[in-house]
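Trainee: Modelling step: build the complete structure from the supplied sequences, incorporating the hints.
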Amino acid sequence: MKNNVIIDLKNISVSFKDTKVLENLSMYIRDKEFITLLGPSGCGKTTTLRVIAGFLEPDSGEVIFEDKVINGVPPHKRQVNTIFQRYALFPHLNVYENIAFGLRVKKMKEAEIKEIVTEMLELVNLKGFERRNINALSGGQQQRIAIARALAVKPRVLLLDEPLGALDLKLRKDMQVELKNIQQRLGITFIYVTHDQEEALSMSDTVVVMDGGEIQQIGRPEDVYNEPKNAFVADFIGESNILDGKMLEDYKCSFSGATFQCLDKGFASGEQVDVVVRPEDVDIVSLDKAMLTGTVTSVTFKGVHFEIIVDIGGFKWMIQTTDYEPVGKEIGLFIEPDAIHIMKKSKYSGLYGDYSSFSDELEHLSDIVEEE
Amino acid sequence: MNKKQAFKQKLCASPHIVWSAIFVVVPLIMVLYYAITDRTGAFTTDNITRLSDYVTPFLRSLWFGIVATIICLIIAYPLAYIIAHSKAKVQSTMVILVMIPMWMNFLLRTYAWMTLLEDSGVINTILGKIGIGPFHMINTSGAVILGMVYNFLPYMILPIYTVMTKMDKNLVEAAHDLGANKFRVIKDVVFPLTRSGVISGITMVFVPSVSTFYISQKLGGGSFALIGDIIEMQFQVSNNFNFGAALSLVLMILILICMAVMNRFGDAEKAGGVGV
Amino acid sequence: MTKMKLPSKLYVAIVLLFLYLPIFMLIVLSFNSANSTSVMQGFSIKWYIELFRDEATLTALYNTLLLAVTSSITATAIGTLASVGIFKMKKGVVKSSIMSVTNIPMMNPEIVTGVSMMLLFVFIGSFLGINGVLGFWTLFIAHVTFCIPYVILNVMPKLRQTDAHLAEAAQDLGCTPAKAFIKVVLPSILPGVIAGLIMSFTLSLDDFIISYFVSGPKFQTLPIRIFSMTKKRVTPDMYALSAIMFVVILVLLILVNVFQKNDEDKKGGARR
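Protein chains in written order, with this note's numbering: chain A, 1383 to 1754; chain B, 399 to 674; chain C, 1497 to 1768.
Hints are supplied without guarantee of correctness; some may be wrong.
[Said to hold, decoys possible] In silico lysine-lysine, DSSO-like type, Cα no more than 27 Å apart, as pairs:
| hint | chain 1 | residue 1 | chain 2 | residue 2 |
| --- | --- | --- | --- | --- |
| 1 | A | K1450 | B | K402 |
| 2 | B | K402 | C | K1586 |
| 3 | B | K564 | C | K1654 |
| 4 | B | K585 | C | K1586 |
| 5 | C | K1584 | B | K408 |
| 6 | B | K402 | C | K1654 |
| 7 | A | K1459 | C | K1584 |
| 8 | C | K1679 | A | K1459 |
| 9 | B | K402 | A | K1399 |
| 10 | A | K1459 | B | K406 |
| 11 | C | K1675 | B | K567 |
| 12 | C | K1591 | B | K406 |
| 13 | A | K1399 | B | K408 |
| 14 | C | K1675 | A | K1488 |
| 15 | A | K1509 | C | K1679 |
| 16 | C | K1675 | A | K1489 |
| 17 | B | K487 | C | K1654 |
| 18 | A | K1628 | A | K1562 |
| 19 | B | K408 | C | K1542 |
| 20 | B | K406 | C | K1501 |
| 21 | B | K567 | C | K1501 |
| 22 | C | K1679 | B | K408 |
| 23 | A | K1488 | C | K1679 |
| 24 | C | K1586 | A | K1399 |
Honestly, the hints are just simulated from the structure, not real lab data.
Mentor: Written out as structure tokens, the structure is:
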């Protein structure tokens, strides 16, 4: 294996009828890493997974597994296994037989099968569930069985297609931790698909942000959050104020009618850029120390902090702060140089606007639509 | 899905496609072919023009079919409603009770009615003992329609019952809750929601009634020849396949038209219902 | 559910009486000691003995069973495969036209189906110069033809209910596509397949109209034999036959019901 790369996707394109689902996608996956494909529905993340699993033949491009091109190799001959969105447990088989399925296909001896099944059930904390009927299990338990079934055949790579999507929030958090533990204990590669950015950031070694069949950014979770490559990534991951700005010179930029120190360089002087400022990185200061001033238009209590919307020259910013500021008050804002992130203009520039129409309810609604 | 694999899976349908082409489509083409040729295989329109002599049995078949279907609907609808609203155990027993007669041989069932209705038959014998009658029942148009209703009634009950069980019972309660009385609930809620069952019930009763050929011979005594009887005669008695084919063709077209009208009616009602 | 009220009970009773009156009459008269099909004179089982002595009826019974078994199995095989294939097809002209043709034998009047197939067989027969082409094989073909749509009708919804990922999961775990179908998809659509088989079997067993047109004197089924007997004055041994059929059907239905209930209980128990 070159450079510890287990799977290498080269210029993969997939289209259904006339719509392009993946366009010239290239990426590699290192052995034993936890990599997450993150993006809104229809971004091509599940399609990428299906290409790796072999359920889908790409129109062009190469799928390379351990330096060998595996295009055309059918799913049952690939050393990757999948956890399906709704588990796809076999309803006519009990827990034991579900986990033993892949082993029986391999024609293993019964004693060996029994040993592995027991081991797997222990791994997913469901000891003694062997004879249970699949339909008699809760969603979380079914999820664990699906994991046990896939891991029983000792895959090199495990593909997980929104595996926690059907679970409630509490269970979801527990399973996130558990999945991460299993991955580290067994030392196998996990390729994880989700549209939940929090899940992606908390579990992964590497996050691949996708949209419109293209990769927007690949990086460690911290990098993707702190240094988004374009407005899409900045908007999709976390909350962000995305502003039109101009690079004056290295380490100096202007936006919202003021000039700021920043840590970015290498832009042409006078280049139009997108500027990202995370809501938690804005400090509220007295008016005389302020770099920007604005009027509070709404305040929402969020438990650990207040979320306030501030109108600065007609652009509504979101700011997270522990200090309460009443609606209508004029406040001063201070932004440290390391809180400012400069991005090159992209096709996503100007798409996301400000927080003038923002409400939690809308956010929630759009989540529901996405899940469908 | 792998395209190759998907193709292989689609190939599974090929035996059926070949079979249907040879034994469903070709036979229908044969009907057309025979209808427009004579015994020697030469083209002719004689069979078609001769059809005009048989307008009466055509109309009679249609009329009997419509009457039998309406009677079935009137009997079946309340019955299906009662069954659907009874206890689960009663429901399954009732469904079996409705189904059993369907499994009895259709000829024997019809024949049994013949012995029941005869002038010296079972009913008249019993009535005679208590001093009423005898009534002349056999060989009347009523007897033929009774035969149709009897034979095809279960086909009306079962589909209506099925949609009624699938209907959300809360809807009825909601309608009551909103102030609708029993009649309004049935008219505005139950009936529209069970329309699909009614339509399939009507289809399942009307088609065999219109095209039947045994019932009228046994219960109508030959004086109410239906179109099915005439087709049967062409094939089994007078050996005039060509004219028989022409009659079958017209019967098929007639039923297709009826079904189209039915569906149009059903759709229009549905569309209207949604609009309100 | 609510308890039935008296008018409802009465209504149900009247309809059931209507449905069962002829059947009970047949059964009662089958024990008639006299040679009458309408007046009961005394109890006897002589018509049952007569029935089992009648060679032609027994042959017809054998023929009917042979035909029902062979044609229902064939129709189930073709129909199940067809469902799998059609299910995979994308919505469009091809799929909808295949479905329309599939439904023709269900929608068309039976007499037209019978006549059309007879014409085909006779045409082929005269083309090949075979006399008396109508027999077992023509009946077999006709029965398979009208059973296939019922098999598809039963299997298709089961396929729709089956999680599309099941077959993929099996392949993922090392099965070839064919093996995945047999090990995973088939078990989950099996209830539909069996329902289709049973339905085909009973339809074949009971069919008269289509059989009437595509059968010849060499191979008679029970319904056709009954038809030829009812053409003349029927003797009570036909009643005996219908009584036996009634009891057999009743027992079969009760067995199926008990079997289903056990199955449900098992499932319910597992859920608890």
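Trainee: For the pair we were handed, K402 (chain B) and K1586 (chain C), check the Cα-Cα distance against 27 Å.
Mentor: 15 Å, holds
Trainee: Hint check: K1450 (chain A) vs K402 (chain B), CA-CA at most 27 Å. Holds or violated?
Mentor: Distance of about 22 Å is within 27 Å: holds.
Trainee: Hey, K1488 (chain A) versus K1679 (chain C), does the alpha-carbon distance stay inside 27 Å?
Mentor: With a Cα-Cα distance of about 14 Å, the restraint between K1488 (chain A) and K1679 (chain C) holds, given a limit of 27 Å.
Trainee: Measure nothing beyond the straight line between the CA atoms of K567 (chain B) and K1501 (chain C); if it is 27 Å or shorter, mark the hint as holding.
Mentor: 18 Å, holds
Trainee: Below or equal to 27 Å on CA atoms is what counts here, so check K1459 (chain A) against K406 (chain B).
Mentor: 18 Å, holds
Trainee: Check whether the Cα positions of K1675 (chain C) and K567 (chain B) lie no farther apart than 27 Å.
Mentor: 43 Å, violated
Trainee: Is the straight-line distance between the alpha-carbon of K1584 (chain C) and that of K408 (chain B) 27 Å or less?
Mentor: 6 Å, holds
Trainee: Would you mind confirming whether the straight-line C-alpha gap from K1675 (chain C) to K1488 (chain A) stays at or under 27 Å?
Mentor: The given pair, whose Cα atoms are some 12 Å apart, holds under the 27 Å limit.
Trainee: Holds or violated: K1586 (chain C) with K1399 (chain A), Cα cutoff 27 Å?
Mentor: 11 Å, holds
Trainee: Can you confirm whether the C-alpha distance between K1628 (chain A) and K1562 (chain A) stays at or below 27 Å?
Mentor: 42 Å, violated
Trainee: Is K487 (chain B) close enough to K1654 (chain C), meaning Cα to Cα at most 27 Å?
Mentor: Holds - the C-alpha atoms of K1654 (chain C) and K487 (chain B) are around 25 Å apart, at most 27 Å.
Trainee: Between K1591 (chain C) and K406 (chain B), is the straight-line Cα distance small enough, at 27 Å or below?
Mentor: The given pair, whose Cα atoms are some 16 Å apart, holds under the 27 Å limit.
Figure legend: structure checked against the earlier numbered hints; hints not met, in rising order: 4, 11, 18, 19 and 20.
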